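The lines below spell out each chain.
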Amino acid sequence: MATIKGAIVVDTERCKGCSLCVVACPLNILALTQKEVNKKGYPYASQIEEDKCNGCSSCAIVCPDGCITVYKTKL
Amino acid sequence: MTKENIIKPENLVYKKSTLLNDNAMHYCPGCSHGVVHKLVAEVIEEMGMEEKAIGISPVGCAVFMYNYLDIDWEEAAHGRAPAVASAIKRLWPDRLVFTYQGDGDLACIGTAETIHALNRGENIAIIFINNAIYGMTGGQMAPTTLVGMRTATCPYGRDVHLHGYPLKMTEIAATLEGTCYVTRQSVHTVAAIRKAKKAIRKAFENSMNGKGSSLVEIVSTCNSGWKMSPAAANKWMEENMFPYYPLGDLKDKE
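Protein sequences, first through last, are from chains A and B.
Using our numbering, the first residue of the first sequence is number 1, and each one after it goes up by one.
Using our numbering, the first residue of the second sequence is number 1001, and each one after it goes up by one.
Worth flagging that the hints you see were computed from the coordinates, not collected in a lab.
Check the hints yourself; a few may be wrong.
[To be verified] Output of the computed footprint for chain A on chain B, the stretches with three or more beta carbons under 8 Å from beta carbons of chain A:
(1) 1008-1019
(2) 1225-1232
[As the list claims (entries may be wrong)] Listed below are the simulated DSS-like cross-link pairs for lysine-lysine, each with C-alpha atoms no more than 30 Å apart in a straight line:
(3) LYS1168/B - LYS5/A
(4) LYS52/A - LYS1003/B
(5) LYS1235/B - LYS1052/B
(6) LYS1008/B - LYS40/A
(7) LYS1052/B - LYS1003/B
(8) LYS1015/B - LYS1202/B
(9) LYS1211/B - LYS1253/B
(10) LYS1227/B - LYS35/A
(11) LYS1253/B - LYS1227/B
(12) LYS1251/B - LYS39/A
(13) LYS74/A - LYS1195/B
(14) LYS74/A - LYS1015/B
(15) LYS1168/B - LYS1251/B
(16) LYS1227/B - LYS1052/B
(17) LYS74/A - LYS1003/B
(18) LYS1003/B - LYS72/A
(19) LYS52/A - LYS72/A
(20) LYS5/A - LYS1008/B
(21) LYS1227/B - LYS1251/B
(22) LYS40/A - LYS1168/B
(23) LYS1198/B - LYS1015/B
(24) LYS1015/B - LYS1195/B
(25) LYS35/A - LYS1003/B
(26) LYS1015/B - LYS72/A
(27) LYS1168/B - LYS1202/B
(28) LYS1202/B - LYS1052/B
(29) LYS1198/B - LYS74/A
(30) LYS1235/B - LYS1195/B
(31) LYS52/A - LYS1015/B
(32) LYS1003/B - LYS1015/B
(33) LYS1015/B - LYS40/A
(34) LYS1251/B - LYS1211/B
Nothing here was measured: the structure is a model prediction, and the numbers come from that model.
The beta-carbon is built from N, C-alpha and C at its ideal position, and this holds for glycine as well.
Work the whole structure out from these sequences, hints included.
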């Protein structure tokens, strides 16, 4: 069975840590950073479970600042 | 397969529109304005109107919209965006002319301009961001503030005996002969964002086809003005805003 693998790239300097992507992710694999912050002092979104993303783009569509780029491939 | 193998240009499925530049938006974290800016940029890019789009930015939080979208912009006096848009569209009929206004701009200070531009059937599209509050100036009460809702200038909640009832501008617009497409959308979930994008596309196409005025209301959040987290503001909007401002098309003239 072909599996779909996705990956996201977060523009961490543009991210404001609103956490709308965390709520929107259907697989619940996004979270805000606990300790790291960007130059503006915001915690930023990051993927907490590396190989679970399926590239559905929900996080990128709801992101108000357009910080998320999504890639997807079939294995 | 490692992440590095997936992140290749041929596997790209979503990135922000090239019309949206790299300036960091001044909006509060989680503000609906960012999502609507993205949608406007995507629709203009998909229509191939990058060189022919003219936006009218309002007074309000979106006043600096010209910093973020790389198209032509004109700044209007408070509430007068539909009047300026009417003039531009009459002078440049082949341009895509749209206004982007908040509820304080469109439903309070610019009520007359909005109603008359819509009634004249000017071939413009109006994007109306309704977050029931004046977000830019400290969150005071707007005409669209819900009954009982607390704001900076009605700390005990909006009282109908003192402040009247919330204004439904979109319903008023639907009764006017000049309008061809009047709809109310939202951008709180992925499905809602997709529908809102279709509505904006339709409004822009109607404007280019000379069908009349289009009004797209987007029920939005103002999480800092409402004093909530972005996710809680979305939930509050679903529970309180949608019963009074129901989503859907109010008028769609074929």
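Now for the hints, and whether the structure bears them out:
1. For the segment 1008-1019 of chain B, the stated coverage by chain A holds: 8 residues have a C-beta nearer than 8 Å to a C-beta of that chain, and at least 3 were required.
2. With a cut-off of 8 Å between beta carbons, the segment 1225-1232 of chain B has 3 residues touching chain A; three or more are needed, and the interface restraint holds.
3. A distance of roughly 45 Å separates the Cα atoms of LYS1168/B and LYS5/A; the hinted pair therefore is violated under the 30 Å criterion.
4. Simply put, LYS52/A and LYS1003/B have alpha-carbon atoms about 11 Å apart, close enough for the 30 Å limit, and the pair holds.
5. The hinted pair formed by LYS1235/B and LYS1052/B fails the criterion: a straight-line CA distance of about 38 Å is larger than 30 Å.
6. Distance check on the hinted pair: LYS1008/B and LYS40/A sit about 29 Å apart at the alpha-carbon level, within 30 Å; holds.
7. Annotation: proposed proximity of LYS1052/B to LYS1003/B is violated, straight-line Cα distance about 39 Å (limit 30 Å).
8. The hinted pair formed by LYS1015/B and LYS1202/B meets the criterion: a straight-line CA distance of about 23 Å does not exceed 30 Å.
9. Distance check on the hinted pair: LYS1211/B and LYS1253/B sit about 9 Å apart at the alpha-carbon level, within 30 Å; holds.
10. For the given pair, LYS1227/B sits about 24 Å from LYS35/A by alpha-carbon distance, which is consistent with the 30 Å threshold.
11. At most 30 Å may separate the alpha-carbon atoms for a hinted pair to count; LYS1253/B and LYS1227/B exceed this at roughly 39 Å.
12. Distance check on the hinted pair: LYS1251/B and LYS39/A sit about 47 Å apart at the alpha-carbon level, beyond 30 Å; violated.
13. A C-alpha spacing of about 28 Å is found between LYS74/A and LYS1195/B, which places the hinted pair at or below 30 Å, so the restraint holds.
14. With a CA separation close to 19 Å, the supplied pair LYS74/A and LYS1015/B stays within the 30 Å bound.
15. Between LYS1168/B and LYS1251/B the CA atoms are separated by roughly 14 Å; this keeps the pair inside 30 Å, and the hint holds.
16. A threshold of 30 Å between alpha carbons decides the hint, and for LYS1227/B with LYS1052/B the separation of about 39 Å lies outside it, so the pair is violated.
17. Of the supplied pair hints, the one linking LYS74/A and LYS1003/B holds, its CA atoms being roughly 13 Å apart against a limit of 30 Å.
18. Distance restraint check for LYS1003/B and LYS72/A: the Cα-Cα separation of roughly 10 Å lies within the 30 Å cut-off, and the hinted pair is therefore satisfied.
19. Restraint check for LYS52/A and LYS72/A: the C-alpha separation of about 12 Å stays at or below 30 Å, so the hint holds.
20. The suggested pairing of LYS5/A with LYS1008/B holds, with an alpha-carbon distance near 13 Å, which does not exceed 30 Å.
21. For the hint pairing LYS1227/B with LYS1251/B, the CA-to-CA distance comes to about 34 Å; that exceeds 30 Å, so the pair is violated.
22. At most 30 Å may separate the alpha-carbon atoms for a hinted pair to count; LYS40/A and LYS1168/B exceed this at roughly 39 Å.
23. Restraint check for LYS1198/B and LYS1015/B: satisfied, since their Cα atoms lie roughly 18 Å apart, inside the 30 Å limit.
24. A threshold of 30 Å between alpha carbons decides the hint, and for LYS1015/B with LYS1195/B the separation of about 19 Å falls inside it, so the pair holds.
25. The hinted pair formed by LYS35/A and LYS1003/B meets the criterion: a straight-line CA distance of about 23 Å does not exceed 30 Å.
26. Restraint check for LYS1015/B and LYS72/A: satisfied, since their Cα atoms lie roughly 12 Å apart, inside the 30 Å limit.
27. Among the hinted pairs, LYS1168/B with LYS1202/B is consistent with the structure: their alpha-carbon atoms are about 22 Å apart, no more than 30 Å.
28. A hinted pair counts as satisfied when its Cα atoms are at most 30 Å apart, and LYS1202/B with LYS1052/B qualifies at roughly 17 Å.
29. Simply put, LYS1198/B and LYS74/A have alpha-carbon atoms about 28 Å apart, close enough for the 30 Å limit, and the pair holds.
30. For the given pair, LYS1235/B sits about 19 Å from LYS1195/B by alpha-carbon distance, which is consistent with the 30 Å threshold.
31. Taking the CA atoms of LYS52/A and LYS1015/B, the gap is about 20 Å. The hint holds against a cut of 30 Å.
32. The hinted pair formed by LYS1003/B and LYS1015/B meets the criterion: a straight-line CA distance of about 17 Å does not exceed 30 Å.
33. With a C-alpha separation of about 23 Å, the suggested pair LYS1015/B and LYS40/A falls inside the 30 Å cut-off, and the hint holds.
34. For the hint pairing LYS1251/B with LYS1211/B, the CA-to-CA distance comes to about 13 Å; that is within 30 Å, so the pair holds.
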